[in-house]
Each structure stands twice: as C-alpha cells, then as structure tokens.
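Residues per chain are reported as follows:
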Amino acid sequence: MAWRSEPDRLTPARPAATSRRGVLLGLGAVLLAAAAPATRPIEVAPGLFVLPGLDEDASAANLDALANTGFVIGRDAVAVIDPGGSLAHGRLLRQAIEAVTPLPIRHLVLTHVHPDHAMGAAAFADCGAEVVTHSRLPAALAQRGEFYRRMLEREMGEAAAGSAVLAPTRLVQDRLDLDLGGRVLALQAHPPAHTDHDLSLLDGTTGTLWTGDLLFVRRIPSLDGSLSGWMLELEALRAKEALRAVPGHGPPAVPWPAGAADLTRYLLALRDGTRAAIAAGIGIAEAPARVAPEEAARWRLGEAYHGRNVTAAYRELEWE
Amino acid sequence: MRRRPLLLAALAAPAIARAQGIEPADTPRRAERWRDLKQAIFGDRPVEPAGAALDLSVPPRALDAALVPVGLALSADLAPRVTAIHLVIDENPLPLAATVRAGQPGALRALTTRVRVDAYTNLHVVAETDDARLLEAARFVKAAGGCSAPMGGDLEAARQRMGRMRLTLPEGSPGPDRAVPVQVAISHPNTSGLQMDQLTRLSIPAEFIRSLRVTYAGAPVLEVASDISIAENPTFGFTLAGRPGGELRVLAIDNRDRRFEGHWTLNGAG
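Read top to bottom, the protein sequences are chains A and B.
Under our numbering, think of the first position of the first sequence as 1, with each following residue one higher.
Under our numbering, think of the first position of the second sequence as 321, with each following residue one higher.
It is worth saying that the hints were derived from the structure and are not from the lab.
C-beta: ideal position from N, C-alpha, C; glycine also.
Wrong hints could be hidden among the right ones.
Quick list of simulated restraints, FRET-style, between CB atoms [what the hints assert, rightly or not]:
(1) A/Trp319 with B/Gly363: 37 to 47 Å
(2) A/Gly157 with B/Arg365: 37 to 47 Å
(3) A/Gly157 with B/Arg578: 52 to 62 Å
(4) B/Pro369 with A/Glu294: 37 to 47 Å
(5) B/Arg355 with A/Leu232: 48 to 58 Å
(6) A/Arg40 with B/Pro344: 41 to 51 Å
(7) A/Glu235 with B/Asp397: 35 to 45 Å
(8) B/Arg459 with A/Asp179: 54 to 64 Å
(9) A/Ala61 with B/Arg459: 26 to 36 Å
(10) B/Glu491 with A/Ala125: 54 to 64 Å
Work the whole structure out from these sequences, hints included.
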C-alpha cells in the first residue's frame with residue numbers, strides 16, 4: 001500500500017522531478033493528470049492482463065485504484081491477482097475480466113492485505129473463487145482490518161461503502177502451484193519484506209513475475225515489514241528466470257531484472273543511511289530529513305512518504 | 321497520581337468520538353479540554369506559561385502516528401530546578417502519557433521520548449519546579465490513529481527480543497563537569513489495549529511498561545511512570561552527570577509485573 005497522508009492533504013505537493021519524469025513516461029503523466037481509475041486492462045503477456053494503478057493518495061474520485069491489479073487466463077479458469085482498492089474498483093476489474101473471457105474466476109490471490117490491493121475483494125464475493133493468501137495474512141487482517149476499513153472511509157467517504165477483504169480459504173506456507181489448465185502459476189510465500197505476509201507469483205508460460213508490492217517502480221516504496229528482509233527477497237527475486245515483472249505500483253510491466261534497479265538502490269540507500277544515522281547518534285526525530293534526502297525527489301509522492309520509510313527503517317535497525 | 325486512571329477515564333469518551341476530526345488547534349473546546357485535564361491532574365494548583373525557558377519540539381505533522389518523537393529542552397537556569405515533567409496528549413484515550421521525575425538535578429535538561437497520538441491534538445508538557453511551580457508549554461500535532469493503529473513490521477522478531485535493552489551515549493560517558501545525553505530503550509510491544517481482533521471481536525490486551533527507573537553508581541537519575549500513550553519499544557533520553565566508571569542500571573516493570581533489567585559500566589573514554 002501507499003502510506004496515506006492525513007485527510008487535509010488530499011494532494012501532496014509533488015516534487016519538481018515528477019513533472020520531468022511524467023513527460024518521459026508519457027502514459028504515466030496522462031494517468032497522473034486524469035485521476036480516474038483505469039478501466040481498460042493492458043495485456044502485458046499473452047493471457048496476462050494488468051489494470052494499472054494511479055500514483056496518488058486514495059480519494060472518492062480515484063476509488064483507491066492505486067495498485068496494479070489484474071488477472072491471468074488459463075484454458076479452464078481465471079485467476080484474479082489483487083482485486084483492487086475498493087468495491088467499485090473491484091467491480092471495474094471484474095467488468096474488464098468479463099469483457100475479455102467467459103471462463104470462470106476460480107482463484108482470487110491477495111499478494112498482501114494492504115487496502116489498495118485487497119479491499120476490492122468484495123466485488124468477487126459471489127463467484128465462488130477460492131481466496132489464496134500468505135499463511136500470515138489472516139493474522140494481519142485480524143489486527144488491521146478494522147483500522148483499514150475506517151481509514152478508507154475517511155479517504156473515500158460514502159464511495160468506500162461495501163469495500164472489504166474476503167476471508168482467505170487457502171493459505172500458502174511456502175509454495176503452491178495454481179493450475180489454470182495448461183498454465184501454472186507458481187506462488188511463493190515470502191518471509192517479512194514489504195509486509196510480513198507477501199506473496200509473489202511466477203507465470204512460467206510467459207515468464208512473467210507478479211511481485212505485488214515486493215516491487216515498486218516510479219512510486220515511492222513503502223516499508224511495512226522488514227528492510228533487511230526485503231533486500232534479501234528482492235535479491236532472490238532478481239535471480240528468477242523471468243522476462244518481465246508486474247510491479248505492485250508503477251507501469252503495468254517492466255523488464256526483469258532491470259526493473260528492480262531503482263528499488264534496489266533505494267532500499268540500500270535507506271538501510272546504509274539509517275544505520276549511519278543510528279551509529280552517529282542522530283535521533284529518530286532528526287533522521288527523516290537527513291537519511292538519503294536525495295531519494296525523496298526521485299520518486300512520485302517521495303516528499304510525502306520518504307520520511308515515514310526512514311522512521312520505519314530506524315525502528316527496525318536500532319534493534320539490529 | 322494514584323487517582324489518575326479513574327479521573328482520566330471519565331474524560332476519555334469524547335476523545336474517541338472525535339478521533340477522526342480535523343479541528344483546528346485553538347478552538348474553545350480544546351482550551352476547555354486542557355482546563356479539565358489540568359484540573360484532573362494538578363487540582364487547583366496554578367499552571368503558568370513556561371515561555372522561552374522550556375523549548376518543546378514535536379513534528380507539526382507526524383510521519384507515523386504510532387511513533388511521534390517528542391523533545392524537550394530546559395534553559396540552563398531552569399534545568400537544575402525542575403523535579404518532574406508531565407507529558408499530556410490532550411485527545412488521547414489516556415491523556416497523561418508519562419510523568420518523568422529527576423533523581424539528580426539537571427537530569428531533565430534535555431528529555432526525549434516517543435508517543436502515540438490518536439487524533440489531531442494539543443500536546444502539553446508541564447514542568448514542576450523545586451519550589452512547587454508548574455510551567456506549561458504546548459504544541460499542536462497533526463496525526464491520527466496511533467493508539468488504535470496496529471503495529472507493522474516483523475512482529476515475530478519483535479516478540480523474540482522483548483525485554484532487550486539498549487543504551488545510547490552519543491557523546492560518550494559523563495566526566496567531571498561534563499553531563500552527557502543518554503538514551504535508554506526497552507524492546508516491548510507496549511500495546512494499547514485499544515486494538516480489536518476482528519476474528520474474536522475482543523480487544524487485543526494491553527501490555528505496556530508502567531515504570532522505568534534509572535540509577536547511576538547507585539544513585540537515582542530518573543524515574544518514569546508511563547502509560548499506553550508511549551510508543552512501542554519505550555525510549556527515553558535524559559541528561560546524566562557523574563564520574564565515569566559507574567554502573568548505569570535500568571529497571572522496567574510492565575503492567576503484568578514482568579521485570580526487565582539492564583546494566584552497563586560507563587567507561588571514561590568518550
């Protein structure tokens with residue numbers, strides 16, 4: 001998820017670098033200006049579709065459609081990967097699926113429980129799909145579900161009504177293969193990284209790695225698990241044989257492993273900078289402005305959320 | 321202090337109702353709330369503005385409502401005369417976050433900690449002097465959800481290291497005529513009891529550090545009475561004077577009467 005700013009700051013000031021990058025990234029700039037959720041899925045590999053998310057904070061206008069969501073079509077069935085940030089967003093995704101294929105939706109995979117990825121699950125409640133998650137997701141949902149529900153209400157108002165995560169029906173401890181008919185999605189449950197319950201998928205048929213929020217591109221990453229763990233998991237993911245990856249936030253697909261370069265640089269700068277601050281006796285109050293300040297300008301929403309990542313990194317690393 | 325839970329619980333309900341409000345800093349209601357809180361905590365004793373002698377620093381907008389750093393600096397004149405600092409977060413369910421008492425003069429000259437903030441709130445500190453005066457300062461903090469927000473991060477790792485303590489001496493050990501900043505921290509979830517388990521519909525029970533005592537070379541330095549408004553892994557920074565080579569001891573006790581101890585010998589080399 002993207003960490004939310006407080007309600008009186010619906011539009012955080014964007015760094016100057018954003019507009020420059022926006023021009024370079026054409027499509028991204030259009031999405032940024034439009035502030036309306038995407039309705040047309042992009043087929044980034046045969047039978048693998050992504051509904052791209054917006055690099056914004058949640059609002060009634062954007063339906064919390066912030067994360068990349070999508071689906072994979074096999075011979076017999078469809079798997080939905082991350083049903084979206086709200087009931088309305090989930091419905092857009094479901095309409096997109098039904099426009100492309102008549103096959104049944106049998107699997108609903110949640111890469112993690114953050115609301116921009118999971119609160120649209122309610123739109124799929126009646127299709128009988130199994131809900132597949134990391135084995136630690138139910139605990140996270142129990143602890144945070146109510147908090148996320150209230151947060152979404154604050155951000156979206158009445159437009160949040162009906163949004164909900166569905167209870168998992170199949171838990172992944174380590175690995176699990178989902179067979180869609182002639183097409184297998186290899187799911188992997190990760191140790192604490194972006195969150196403490198991240199799930200990634202590899203579509204061997206097309207060489208596409210679906211990372212969830214283990215990969216951020218363009219939008220400032222958010223740390224809610226373990227910084228050291230995230231660096232290790234990202235390194236292992238980079239070694240996977242895949243042509244492309246679908247990031248949790250950013251373009252619908254990026255070349256792999258080249259697409260991990262910015263995140264790798266960011267996490268390293270965050271870790272080394274925070275360790276150095278702790279060693280130098282810089283307090284947690286001063287660290288956000290002093291750790292890797294150049295990184296805040298390199299990412300969309302960076303000025304709003306980099307400091308929070310420093311705080312999270314500091315909390316973790318001071319106990320190393 | 322013993323009557324605190326009763327009195328402050330009675331004041332708690334409106335704070336929860338307004339937890340999502342974006343009310344400005346200086347409304348009559350906020351002023352009235354602070355009057356009520358002062359009455360509950362200090363009775364009829366007058367509380368005067370501290371002015372420039374007490375510098376309170378809090379980020380105007382918190383990066384993380386569950387971990388808001390608070391820093392307090394006393395002027396050189398005032399520091400040796402301050403015997404206690406009371407930290408009050410007006411809109412929190414239990415507003416009195418901590419009372420920190422000095423065991424040696426000057427221990428509270430520069431005081432730091434980290435708190436949870438549950439709604440946009442005024443944060444007050446009241447310094448108590450050796451001649452029984454009460455001096456207040458305030459800052460407005462924009463943050464919401466800190467008390468009921470669930471913890472993130474690697475919870476298993478946090479559980480495993482519960483009770484571990486850290487000592488930080490950014491300027492080295494104290495020396496003759498040289499008081500130094502010291503920070504002590506204890507790994508502890510410090511849960512608020514306000515988080516709800518969605519499966520059982522029961523509150524996740526509160527587990528928090530209620531008392532922390534620091535001594536140096538056998539003499540008291542600092543005594544903290546704290547509550548659920550203190551952030552996870554309770555952390556306190558203070559000022560230590562004394563000869564090098566002494567032993568710094570920390571004893572922390574949580575609400576389940578678990579005791580956690582740490583001790584370090586502070587060598588002369590800075």
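Non-conforming hints, listed in increasing numerical order: Checked against the structure, the hints that fail are numbers 3, 7, while the rest are satisfied.
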